[in-house]
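Undergrad: Sequence:
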Amino acid sequence: MQSLISQPFFIMKRSETFKWKINEKLLLVFCLMLTFIFLFIYIFQIQTLIKIEYQKQIYQKQIKNFSEIVSMLEIKSASFDTLENTEGKINELKESVHFVKVEQIKYIPIPKEYLVKGR
Numbered sequence: 001m002q003s004l005i006s007q008p009f010f011i012m013k014r015s016e017t018f019k020w021k022i023n024e025k026l027l028l029v030f031c032l033m034l035t036f037i038f039l040f041i042y043i044f045q046i047q048t049l050i051k052i053e054y055q056k057q058i059y060q061k062q063i064k065n066f067s068e069i070v071s072m073l074e075i076k077s078a079s080f081d082t083l084e085n086t087e088g089k090i091n092e093l094k095e096s097v098h099f100v101k102v103e104q105i106k107y108i109p110i111p112k113e114y115l116v117k118g119r
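Note that this note's numbering has the sequence shown beginning at 1, numbered continuously upward.
Worth double-checking, as some hints may not be accurate.
[What the hints assert, rightly or not] In the BS3-like style, the derived pairs of lysine-lysine whose C-alpha atoms are separated by at most 25 Å in a straight line are:
id, residue 1, residue 2
1, Lys61, Lys51
2, Lys94, Lys106
3, Lys89, Lys101
4, Lys94, Lys76
5, Lys51, Lys64
6, Lys76, Lys89
Calculated from the structure, these hints are not laboratory results.
Construct the complete structure from the given sequences, taking the supplied hints into account.
TA: Take a look at the structure:
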């Protein structure tokens with residue numbers, strides 16, 4: 001017994017260490033099932049990575065478009081610096097939209113009973 005303890009367990013004889021018999025078919029089925037499960041999980045992970053990368057590219061395009069729009073708006077807002085430029089732009093807008101000058105303002109008559117009285 002003393003000689004068995006002094007030796008490492010992997011050097012011991014099979015009959016002394018294991019009494020179980022492993023079913024090779026069951027082990028093969030188990031390994032195949034694990035392989036298919038891991039393959040299935042791997043496919044879903046790849047699909048998720050592809051979807052994330054595609055969304056990232058779409059968002060980068062949108063950011064690029066928005067940054068171009070912002071830069072154009074900054075350039076346009078720089079032309080509105082002075083009052084003279086603003087008046088000129090308003091006059092150009094009036095001509096293009098065909099605004100009509102207001103000559104008389106008519107208010108809606110409200111009866112006195114609906115008005116709020118002050119203290």
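Undergrad: Look at each hint and say if it fits the structure.
TA: Outcome of the hint check:
1. Lys61 <-> Lys51: holds, 16 Å
2. Lys94 <-> Lys106: Answer holds: Lys94 to Lys106 is near 23 Å, not above 25 Å.
3. Lys89 <-> Lys101: It holds: about 17 Å lies between the C-alpha atoms, which stays within 25 Å.
4. Lys94 <-> Lys76: With Cα atoms ~18 Å apart, Lys94 and Lys76 stay inside 25 Å; holds.
5. Lys51 <-> Lys64: holds, 20 Å
6. Lys76 <-> Lys89: holds, 11 Å
Violated hints for the displayed structure: none, as all numbered hints are satisfied.
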